[in-house]
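Line order of the protein sequences matches chains A and B.
Using the working numbering, you'd call the opening residue of the first sequence number 1 and step up by one each time.
Using the working numbering, you'd call the opening residue of the second sequence number 1 and step up by one each time.
Source of the hints: derived by calculation from the structure; they are not laboratory data.
Beta carbons: idealized from backbone N, C-alpha and C, even for Gly.
Heads up, a few of these hints could be off.
When the alpha-carbon atoms are kept at most 20 Å apart in a straight line, the in silico DMTMM-like pairs for lysine to aspartate or glutamate are as follows [as the list claims (entries may be wrong)]:
(1) B:55 x B:22
(2) A:56 x B:103
(3) B:41 x B:87
(4) B:105 x A:49
(5) B:64 x B:88
(6) B:105 x A:31
(7) B:55 x A:96
(8) B:41 x A:84
(9) B:64 x B:22
(10) B:41 x A:106
Every beta carbon over 10 Å from chain A, so not counted as near; a handful from chain B, in silico [claimed, not checked]:
(11) 52
(12) 73
(13) 102
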Amino acid sequence: GESVGLHLPTLSVQEGDNSIINCAYSNSASDYFIWYKQESGKGPQFIIDIRSNMDKRQGQRVTVLLNKTVKHLSLQIAATQPGDSAVYFCAENIRETSGSRLTFGEGTQLTVNP
Amino acid sequence: GAVVSQHPSWVICKSGTSVKIECRSLDFQATTMFWYRQFPKQSLMLMATSNEGSKATYEQGVEKDKFLINHASLTLSTLTVTSAHPEDSSFYICSARRFRDRDEKLFFGSGTQLSVL
Numbered sequence: 001g002e003s004v005g006l007h008l009p010t011l012s013v014q015e016g017d018n019s020i021i022n023c024a025y026s027n028s029a030s031d032y033f034i035w036y037k038q039e040s041g042k043g044p045q046f047i048i049d050i051r052s053n054m055d056k057r058q059g060q061r062v063t064v065l066l067n068k069t070v071k072h073l074s075l076q077i078a079a080t081q082p083g084d085s086a087v088y089f090c091a092e093n094i095r096e097t098s099g100s101r102l103t104f105g106e107g108t109q110l111t112v113n114p
Numbered sequence: 001g002a003v004v005s006q007h008p009s010w011v012i013c014k015s016g017t018s019v020k021i022e023c024r025s026l027d028f029q030a031t032t033m034f035w036y037r038q039f040p041k042q043s044l045m046l047m048a049t050s051n052e053g054s055k056a057t058y059e060q061g062v063e064k065d066k067f068l069i070n071h072a073s074l075t076l077s078t079l080t081v082t083s084a085h086p087e088d089s090s091f092y093i094c095s096a097r098r099f100r101d102r103d104e105k106l107f108f109g110s111g112t113q114l115s116v117l
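Go ahead and model the full structure; you've got the sequences and the hints to work with.
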């Protein structure tokens with residue numbers, strides 16, 4: 001089932017530092033994982049994805065690491081900028097006989113201090 | 001990138017009225033769309049999967065008679081909140097699945113903020 005939290009975990013970093021946001025997923029059958037960025041009052045914005053047959057993928061300033069053994073996913077943002085301030089969600093894609101579904105983690109509020 | 005348009009972006013209504021939210025894939029066809037609800041400071045919760053030409057699949061605990069979903073074309077899904085009450089006030093987000101080159105991706109709308117008075 002879904003866990004409902006009253007507040008989001010927060011991460012506060014200085015501009016220029018690297019940020020690491022972590023996520024634990026629950027379903028070992030998940031085959032695809034995505035990180036999204038959500039700014040206040042907007043829909044989620046795709047950042048980077050990774051398939052379950054990989055353990056690392058790099059994009060521009062972002063890296064996603066996948067550890068299937070402990071069902072852990074992380075997002076690393078290099079040289080964090082004030083524009084990176086947002087809520088970050090990991091999502092796991094679960095394939096079922098009826099189709100695939102994307103479910104979201106609880107999210108982390110990233111604040112970048114100038 | 002692909003574009004998903006969601007309308008309206010915000011709506012205020014009186015308790016007991018019905019509200020319709022539209023989700024359109026503008027530059028691709030989507031046989032499957034998804035509807036999420038998000039309360040403040042919380043994550044997105046999947047409400048239902050909308051399938052073109054067939055009935056939607058609802059998640060456990062979501063009332064299908066209250067949240068009516070229609071996916072009559074390959075580019076449009078609608079969510080109607082019937083007899084809305086203040087507890088239905090939330091941010092509603094749709095997404096559309098695009099298949100291309102044996103790859104699939106989800107694209108999200110910009111969300112609809114519903115406030116029920």
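Here's how the hints hold up against the structure:
no. : hint         : verdict
1   : B:55 x B:22  : holds (17 Å)
2   : A:56 x B:103 : holds (19 Å)
3   : B:41 x B:87  : holds (16 Å)
4   : B:105 x A:49 : holds (10 Å)
5   : B:64 x B:88  : holds (14 Å)
6   : B:105 x A:31 : holds (13 Å)
7   : B:55 x A:96  : holds (17 Å)
8   : B:41 x A:84  : holds (18 Å)
9   : B:64 x B:22  : holds (17 Å)
10  : B:41 x A:106 : holds (9 Å)
11  : 52           : holds (12 Å)
12  : 73           : holds (19 Å)
13  : 102          : holds (12 Å)
Figure legend: structure checked against the earlier numbered hints; every hint is met.
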